[in-house]
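Novice: Chains as they are written, first to last, in the working numbering: chain D, 35 to 386; chain B, 35 to 386; chain L, 35 to 386; chain C, 35 to 386.
Chain copies aren't distinguished; within one or between two, either way the pair holds.
Here are the simulated EDC-like cross-link-like pairs (lysine to aspartate or glutamate), alpha carbons at most 20 Å apart as the crow flies: (1) K37 / E375; (2) K308 / D88; (3) K85 / D309; (4) K264 / D342; (5) K264 / E208.
Since the hints were derived computationally from the structure, they do not count as laboratory data.
4 protein chains.
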Amino acid sequence: LIKAGIVGGTGYTGIELLRLLSQHARVDLKAVTARAEAGMPLAQFFPSLRKRCDHLVFSRPDSEALLQCDVVFFATPHGVAMREVERLLQHKIKVIDLSADFRLSDPRVFASCYGMEHACPHLLAEAVYGLVEINRESIPDARLIAVPGCYPTAVQLGFAPLMHPMRQDLCLVEHQSLIADVKSGASGAGRKAETHTLLSEMAENFRAYCVQAHRHHPEIVQGLRLMSGKSDLGLTFVPHLAPMIRGIYATLYARILPKARTQNFQSLFENFYKDQSFIDVLEPGGLPETRSVRASNQVQIAVFRPGDAANLVVLVVEDNLVKGAAGQAVQCMNVMFGLPESTGLEQIAIWP
Amino acid sequence: LIKAGIVGGTGYTGIELLRLLSQHARVDLKAVTARAEAGMPLAQFFPSLRKRCDHLVFSRPDSEALLQCDVVFFATPHGVAMREVERLLQHKIKVIDLSADFRLSDPRVFASCYGMEHACPHLLAEAVYGLVEINRESIPDARLIAVPGCYPTAVQLGFAPLMHPMRQDLCLVEHQSLIADVKSGASGAGRKAETHTLLSEMAENFRAYCVQAHRHHPEIVQGLRLMSGKSDLGLTFVPHLAPMIRGIYATLYARILPKARTQNFQSLFENFYKDQSFIDVLEPGGLPETRSVRASNQVQIAVFRPGDAANLVVLVVEDNLVKGAAGQAVQCMNVMFGLPESTGLEQIAIWP
Amino acid sequence: LIKAGIVGGTGYTGIELLRLLSQHARVDLKAVTARAEAGMPLAQFFPSLRKRCDHLVFSRPDSEALLQCDVVFFATPHGVAMREVERLLQHKIKVIDLSADFRLSDPRVFASCYGMEHACPHLLAEAVYGLVEINRESIPDARLIAVPGCYPTAVQLGFAPLMHPMRQDLCLVEHQSLIADVKSGASGAGRKAETHTLLSEMAENFRAYCVQAHRHHPEIVQGLRLMSGKSDLGLTFVPHLAPMIRGIYATLYARILPKARTQNFQSLFENFYKDQSFIDVLEPGGLPETRSVRASNQVQIAVFRPGDAANLVVLVVEDNLVKGAAGQAVQCMNVMFGLPESTGLEQIAIWP
Amino acid sequence: LIKAGIVGGTGYTGIELLRLLSQHARVDLKAVTARAEAGMPLAQFFPSLRKRCDHLVFSRPDSEALLQCDVVFFATPHGVAMREVERLLQHKIKVIDLSADFRLSDPRVFASCYGMEHACPHLLAEAVYGLVEINRESIPDARLIAVPGCYPTAVQLGFAPLMHPMRQDLCLVEHQSLIADVKSGASGAGRKAETHTLLSEMAENFRAYCVQAHRHHPEIVQGLRLMSGKSDLGLTFVPHLAPMIRGIYATLYARILPKARTQNFQSLFENFYKDQSFIDVLEPGGLPETRSVRASNQVQIAVFRPGDAANLVVLVVEDNLVKGAAGQAVQCMNVMFGLPESTGLEQIAIWP
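The following block holds chain D by itself, in its conformation from the complex:
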C-alpha cells in the first residue's frame, strides 16, 4: 500500500482527494493536515465521510506523520507548497502539488500572476507538469508533480491534437489567434467565503470574469507553446461562471488554414487519443455535457466544423474537481507508482 498524506484537507480539492483516496484500493491514507481544524475528526468537518472514513482526524500542518508517507498531496492555496516541498523531498517523499506553485516554469510569470515571489525557484525546472496524456513518460521518475489547473486541463486537451509538432499537424490551424471560451461551475472558486460566489449572487446568473487577464492564461499558453514548438502561439481566453457546482465546458475555436494537410479532424482527434483511458472523443455529431462526466475522471471531446465556417470548434467537458484537480492528481500518483492508471478512478459519472 502506498502511504499517502494530504496537506490542506478542508477545501473542495481536499475533500475530493479524500473521497478518491479513501476508496483507492492501493492507498493507505496516513495524514490529513488542516491548521484551524487540527484535532477534529474529518467526518465531523465533512459529514459525507461519516461511516466511510471515521478513523481519520485532522493533523497539524507540521505533523510528523507526513514524513512517514510515500507521497504527499498539497491541496493548499498557492504559496504554501513552495515553502514546504523541499523538506519533504529531502525525506524521499514524492510530492503532488495541486496548487499553482510549480506549474509555471518562469518565476517572474508566477510572481506577476500570483502576486508573490516564488520561494523555491530552483525546483521549477525539475517539477513535471502532470497533464498525464501529454507528459506520461516524465512522471514515473518525477519527485515533484505540478497538477495542471482546471481550465488549463480542458483547454490543453482540446487543442493538443492540433498542436503536436511531431505529426506535422501544426499547419492545420492558425496558432497565433486561438480562442478558448470556457465556462466553469462555482466550485472552481473554492470554499472561501466571498460575496460573489454566494448562491444569491450566482444562481440564475451567468457572467464572464477576469476577461482582461486570468492566472490560467500563461499556464495554458506555456503548455500549448511547448506542444507546438511555436513561440508566437496566441490565445484569447475568456472564463465564465455558470450557475452550477461542478463542471468545466470549454468551447475552443481555431481558424483552419487553407493549406491544412488534412480536413479530417474527427480522425485526427480519435487517433491522437485512441490509447487514453480517460479521454473520450465522441462520434461525429455527439455533444458533450458536463453532467456526462460529473464526479468522474473522464473527459469528453467533440469536434465540429459548422457550416461553411472558417473555424474548427472543439468542445471539451471535464469535472473541474476530478480530472481538473483531485482525479488528475491520483492519476499522476498511479503512473508515478507503477499502478494501472485508472486504479481508484473507475467511478461512473452521477447521472442525473
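With chain D's structure known, arrange chains B, L and C on it following the hints.
Specialist: Just chains B, L and C, lined up with the frame of chain D:
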C-alpha cells in the same frame, strides 16, 4: 457472480441501477431491456456510461437473456412488473421490483391509488417489503421483493424507533396524528417529459403537491401500522418539490406523550440503529443535509426537541435514487444472496 | 412627494427598497447611506440600477440629507436602528425599521435572541408592528414601525384566521402545539459572505437549521399570542434552506379541535382576508408556489384538510424580500402617509 | 388607449407580454387567445396574474375581439402567424409577430430552417425587422413587424457598432470569420414538455447544442450583412444552455484588422449607442451579468481587448424573454404608435 437483469433501463432508477450494478464486484449484468431503445448501446443513451459500460446493448422486453438471470430488477412504471413477475418466478428467478406493484398488501388500496386493477393479487401476500433495516430477516428466503418508495423509506426510517412495539416504546408519542413534511428533488418525478418538471418551472420555485392525497401515503401508513401494531395510527403527509435534482429531506413531527417511558430520544434512536451500516444517527445538535448523502446509500437522521415544545422533531435525509430506489434494491439483493450487505454500496457521497 | 431616505442600502433588503422606491410615483428618494461605499454611485454598486437610478450616490451614515426626509427606512443589521432612531424622531421624521430592533416588546427577549442589550428600550412600547393586515389601524399615527421578519410574516398571516379572538374562532385548533415547517431561499440570509451560503454549498442541497431555536420564533409567538389572547400558545418552528434565491414557503399544521365551531376553513380564510389586496386565498385545491409571487408583494394562501387526518394544513407563499421585507415596508409607508395601500406595489410576479 | 390582442398566450413569451401589457399605461388588453384553454381565466392558468389581471379570459383563436384591436401580437410557434396575418392587415390591424415567420427575407431559407413552406411569402418584403436600435425609422410606418429572435438580438447588437458602413468602420475587424459563443437560459426553449429541458436534465449541467446549424444563424447573418453591406460576412455561432431560467450571455469575438482606422473600441461603442435608452455600454473594465438585466428590457455591453491578443471581445447580456422577445415587441409597439419608447418598459431588473 450473480447474473442480473434489468427490465426498463431508461429511467432515472434504471440508470442508477446500471451505475451501481456495473461497478458491483459480485454481479454480472446480463440484460437490460427497453422497448423503444432495443438494439441501442446503453452508452449511447446514457453518455455517462461511455468507456465504463460499453459492451451492453438494450434488449427487447421479451429478451430470452432475462431468463438466464439469477435476479431481475424491475425499474418500470407501475403496472408492468405485476404482469411479468410470475413468468420469471416460474423460471426460479428472483425478482426485485422497484415499482409500486407489490408494496401494498391490499389490492383494493392499490387499485384506488394507481387507477388500475392489480393483475397479480395472489402474489401480494408473498412479496416481501424491502425496507432492509426493518425486514432483514424475511429477505433471504424471498422470491419477490417490493422495494419501498422514496418517501416511504425516509418517513418509515425516521418514525421506526418510535413505533416498535417489542420495545414498549409506542407510548412515547401520539400515534394517531403523526406529521411528515417531506421535500424531494425533481428526479423523484422521473424522466417523463412534463411541463411542471421543466427547469423553467421548477428552478427558483418551491411548492407542495398532492396535499390532499399522495400515493405513498397508504404505503407509509401500512408500514407504520405494522411496526407499531396500532391500526388507528394516523399520518398527515405533505410532499413538496425543491429545486434540485436529488435528495429527500423529511421533517417529521410527533407529539410526545406526557407519560412517555423515556425522554432520551437520542439514545433511543442511536440504539435502534446501532447495527445498521446505512443508517447514521447524528450526534445531538447535528443537522443532516441532503448533499451529505448525495449519490450514496446512506441515511442520516437527527432528533430534536425544540424549546419547551410538545413535539419531537426527527430529520431524515436520503438520496431518493439510491437508498430511496436503486441502492436499496441492491442492498436487498446483497441480503438475498448472502453477500455482505454493503457490497457495491460503499460509495462516498459527492461533496460538493 | 414623500421625501424618503434609506440607511444601509447595500444589502438585499436595501436594493429591493431601492427598486421599489425609485419606481414609486409618490416618493422622492433623497438619501441612501452606506458606510464603506459612501461617495459611490448606487448604480456602480448595483448594476441593475444603471439607466434607471443614475443620479443617486451613497451618502455617509451621518448624512444631513437624512434629516430632510419625511421618512427613513433602516435596512441595516440588527443593533443599528436602535441607536439612531431617536435622533430622527426628534426631527419629526418617521422611521420604518426593517431590522429586528423594535419587533420584540420585551427587551430581555431581544437581548437573549440577538446577543446585545437593547439600546433604546423605552421606544419598544411605542413601536408599531408593521404587519399591515393585522395592525392597519395603528399605523397612520405611528412614528416608528417595526417591519416583521420574513418568516414571521408568512407564519402569522397563515395562522391569523384561526387565532382571532373577536371572532370566537380560537376554539378551532389546539393552540398549544402549532407547527410551522418553513422553507426559505438563500437571500433571507443576506449578502454577507459566509461559507454555508455559497452556491457550492447550497445548490443541490436542502437542510434545516436553527431547529433548536431561531430568532424569529419569539417574534412569531408574540404575534400569535396577541392575536389569540392565549398566553399558553405554543409553536414548533423548523426553518429550512431551499436552493433558490427568493421565496418563503410555509407549511403550517394545526390540530383541529373536535368541538370546533366550524369545519368550513376555506370560508373562514376567504372571509378573513376578503378585503386585503395583498392576501390571496386560493380556491379549494389550489396550490401556492413561491414563483407565483416572485418579486411581487402578494401572498397566496391555501387551506387543506387531508384525508381523515386530524390536522389542518395551511400553505403560505411570499417573496421574502418583498412582502417579507421591503414591500411590506413600503406598504406601511403608504398607510402611514394616507396613500392607497398598493401604490408602487402593483408589480406582477416574474413568471417564469 | 391602444387596443391590443395577443394570439397564443400560454407560452413564456405570452405570459411575459401579459405581464408587460397589463401594466402598460397606454394599452387596453382586449383579447388573449389560446386554443386549448379557451374559456379559462388567464389568472387560473398563470397564478402570477391573480389579483392583477383577474378580468381576462382566454378566447378562441378565431375570436372576433381580435378584429377590434389596433395591434395584435403573435406569441405563437412558427408557422401560425404567416397564415393569419393577412386577414388582420386587411382589417387595418397592425401586427407584431414574435415568431420567426417574417424574420427571414428569403422564403427558401425559411423553408430549410423551419421545415415548412412559407404560407405568405409576398409579405416578407414588407415586414420590418424589429431590432429597434437599428431599424427605428422604418417602424412607425410598418404594418407588420418581425420581432427578432433572442439570440439574434444579442449578437447583432453586440456586433453592430463594428458593422456600420456609413461610419466606414467596417475595416475594423475581419468580417469573414466572426464568432458568437452564446449562452442561454432554459426559457428560450419554451414551455413545451420535453425531456432535455427537465430540471433533472438541465440543472447542474452545461452543454452546447445545434452546433452544426441553428435556426438563428441565418437570421443573424442576414442582419449583419445588411448592416455591413458585406455579402461574404461569415459567422461561427455556437449556442449553449446554461442551468438557469432567464438570460442570454453573448461572448463575441472579432479579429481586429491591422489597418483598423481606430483602436478606441470603447468610444466607438459608446458613441454608437449614446442615444439608445435600452443599450448600456459599460465603463472600461465593467462586466455584464445576466442578472443585471433580469426581467428588464435593458441590454448591457462591454468591450475588451485582452492582453496582446488579436481579438476584440464583446460581451452582451439581455433577458431573453424581455429584450429578446416580449419587451422588444412592446418597444416596437411604442415606436409604431408614437409613444415614448420606454413606456411600460421602465422596470428595474430583479436583483438578486
